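Chemist: Read off the chains here:
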Amino acid sequence: MTRDIAVVAFARTDHRATCEDTSEVEMLMPVLHEVLARTGLRTADIGFTCSGSSDYLAGRAFSFTMALDGVGAWPPISESHVEMDGAWALYEAWTKLLSGDADTALVYSYGKSTPGSVRDVLTRQLDPYYVAPLWPDSVALAALQAQALIDAGDTDEAALAAVGARSRADADSRVPQGSSPGDYVVRPLRTGDCPPVGDGAAAVILAAGDRARALCERPAWIRGIDHRIEAHALGVRDLTDSPSTRLAAEKAGAFERPVDTAELHAPFSAQEVVLRKALRLGDGVRVNPSGGALAANPVMAAGLARIGEAAARIHRGESGRALAHATSGPCLQQNLVAVLEGDPR
Amino acid sequence: MPEVLKAPLVLEFPFTRSLGPVQSAFLTGLRERVVLGVRATDGRVLVPPVEYDPVTADEIRDLVEVAPTGTVTTWAWNPAPRGGQPLTAPFAWVLVRLDGADTALLHALAAPGPDAVHTGMRVRVRWAGERTGAITDIACFEPYDGEPARAGDHSGAFDDLVTGIVAPARLDYTYSPGRAQSAYLHSLAERRTVGERCPVCRKVYVPPRGACPTCGVATAEQVEVGPRGTVTTFCIVNIKAKNLDIEVPYVYAHIALDGAGLALHGRIGGIPYDQVRMGLRVEPVWTDGARYPDHYRPTGEPDADYDTYKELL
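Top line first, the protein sequences correspond to chains A and B. Position 184 (the first sequence) corresponds to 184 in the working numbering; numbering is contiguous. Position 197 (the second sequence) corresponds to 1197 in the working numbering; numbering is contiguous.
Just so you know, these hints were derived from the structure itself, not from any lab. Note that the structure is predicted; figures quoted are calculated from it, not measured. Note that the Cβ used here is the ideal one computed from N, Cα and C, for glycine as well. The reader is advised that the hints may include incorrect statements.
The calculated SDA-like cross-link candidates involving lysine to any residue, where the alpha carbons are at most 20 Å apart (straight line), are [what the hints assert, rightly or not]:
1. B:K1310 x A:W74
2. B:K1203 x A:W74
3. B:K1203 x A:D4
4. A:K96 x A:D4
5. B:K1006 x A:S117
6. B:K1203 x B:A1220
7. B:K1242 x B:F1013
8. B:K1203 x A:T43
9. B:K1203 x A:S117
10. A:K96 x A:A73
11. B:K1006 x B:Q1181
12. B:K1006 x A:M66
13. B:K1006 x B:E1190
14. B:K1006 x A:A73
15. A:K277 x A:E256
16. B:K1203 x A:A44
17. B:K1310 x B:T1214
18. B:K1006 x A:E20
Cβ pair distances, simulated, as ranges [said to hold, decoys possible]:
19. B:R1082 x A:D260: 37 to 47 Å
20. B:F1013 x A:D260: 41 to 51 Å
21. B:F1013 x A:E20: 53 to 63 Å
22. A:E20 x B:P1302: 40 to 50 Å
23. B:C1235 x A:G100: 19 to 29 Å
24. A:A158 x B:P1168: 54 to 64 Å
25. A:R218 x B:F1013: 48 to 58 Å
26. A:G40 x B:E1059: 48 to 58 Å
Chain A is nowhere near these chain B residues, computed Cβ spacing over 10 Å in every case [said to hold, decoys possible]:
27. R1033
28. D1099
29. G1300
30. D1303
31. L1312
Extracted from the complex, chain A is given alone in its bound form:
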C-alpha cells in the first residue's frame, strides 16, 4: 500500500426517515449536500464517485441512474455503481484512490424499503432453484440462525432482547422507541430483534494523504479493508459462526491491535452475537454506539453507515482505533471489515 486513505466526512438521513413523499434523488440530495459541506468540496471537485443501491428495492431497472442527478453528472464524471450495500462501493472507491487515479471520492448509497415488502423483496437474492421458490423471507432465515445459536448455548431470548434494547437506547436521542421485546415475528425472533423497515441514505468522502489532512482535522485512516463470502446454501454453513467475517478481519489487520469501537452491521440481534464471537470482541469494546441496524436499517445504506459512524467517532476524538463491518446476503453470507484509526493525540 503506497498511499494513506481516510474517511474525512460522513452524513446520513435521520434514523426514522420516512420518505414516501420523495423520490430517491430527492431523499438523497440533502445527505450529499451535508457531506460535501463538511469538507467544503463541491461535486465538481470530486475525483471519483461510487454508489450502492438495488433495483429490487425500487422495483425499476437501472434505478441508480436517476439518483446520479443529485451528484451533478453533467459534464461527465468518473463514476461507478455497485448493486450492493454502499460499503462495497466504498471498497471500490478505496481501490481507486489506492491506484492513484483520484485523490478524493464521494461514496453514497440509499434504499427505500417502504414502497415494497422488503421481507419478500429480499427473497429474490436467494438460490433461484432450491430456495427462492419457497419464498423464505429475511426474518425467517435470520430466525433459523437465531435458533441455531440458542441450541448451541451461545445466547437465549433474554440476551437477544437485551441486544435490541441496548441498540435502541444508544440511538435513543434520535430514535424514540420502547424497549419491549414485542411479539414473535418468526420465533425465536421478536419485533425487538428485527430491524425497523425504513428509507434512508448515507454518504462519505474519502481522501488520500495530505488531501485528507487538509479536509479534516482528524481523518479516520483506513488501515485495511477486506471482504469474504461463504457458500450460498444455508445448509452447508455453520450458522452459529461467521468464518468469512473472521477471515476478512484478519486480512484487514483487525487482530493486530485491539480496537476500542466496533460498528457491526447486524440487522438482527442474534447476528451481533455471531459477529462478536467471530471478531473476538471483548467486553471492553464499545459495540454499535450509533444504535446499529436495529435502530435504523435503510437497506443498501446501513453497511456504509457503519463505516461512516465508526469514522465519525474518530473524527470527534471518541475513538482511536475502530472496526467497521458490513454484511450482505442471508444470515451473514458475505462480510466486509474495515479498520479505521485516528492519528495519535
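Add chain B to chain A, keeping to what the hints say.
Modeler: Just chain B now, with coordinates in the frame of chain A:
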C-alpha cells in the same frame, strides 16, 4: 403543495432457468420421489446438491441417493405464512439433514405448534400430489418417529430429464414519483407543462426530477413552459411496436418547449413524416381524458432560427 402521487406497481415475471446436470438429476428425482445428493471432494454428501464443490470449486457429478427421512438441525416457527410459502397454516421453517446426507435442506415442516418442534426431531418428506420437477415437489416435511428409511441406490440416470424450471415471481410496490414529478403530472392533468428552474445555472428542467444534473442541487422554483415548442432533432420510425396503435412510418422528436432548458420527447403528427424538420414549430394535441399530450402538430408559424435552439440539441 399538491399531493404526492402514488400508484400500485407490480413487478411480475416467469423466471425461466435451465438446469445443469446435477440440478437436473435432483429435480427429476423429486418428481420420481427420489432424493439425490452429490458427493463432494472431501467425501461429504451435499443435499441439495450443487455442481461445483463449495470448498475446492471442482466440478462434481457423483450422485448419491439419500433417504426421505432426516433430522431437524435448526428451526423457526412461522405464525403468519406469507404469499408463495409452502403452507398456508402456521408452520415451522426447518433445515433438515436427510439420512445419508452431511448438509441440510431448507423447507417447511407441518406441525401443530411450536411446542411440537425441536432441533434434533425426526421428520420425513411429504410429497406433493402433482410433481413437476421442482423443489415444491416436496410439499413439506412432517414429524416422523419411525426407523430411518433405507436409501435406494439410484444412479441419478432418468429417461425423461427435467431440464429447466419456471419460477414465477411477483413483487408488489406502491410507487411514488416524488415531489417534483408529482407536481409535473398534476399540471399535465390541467394541460399545462411545468418545469423547475435550477437556482444556480437557471436552466429549466422539463420534466423536472427535483435535481439539476449539472449543478447537483435541488430545484424547486416552478416555471410554466410551452405550450408551443421547436423540433430540435428527430428520427423516423419504420417498425411498428407490438401493441402500439400508430401507423408507421412516424416521427419521434426532441421538442424544446418555449422557456425550457432542455428538450423532451414526443411524437410529431398532422404532417407527412418526410416533411418534419429541425426548427419546425409545434404544439401539443390532447385527447379527451389523457394525462399527457398524444402528439405534437405543426403550429403553422415560420420555422425557428437555428441560433434559438442550437444550445438545446
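Chemist: Kindly indicate which numbered hints from before are broken by the structure, ordering the numbers from low to high.
Modeler: 3, 9, 14, 21, 23, 24
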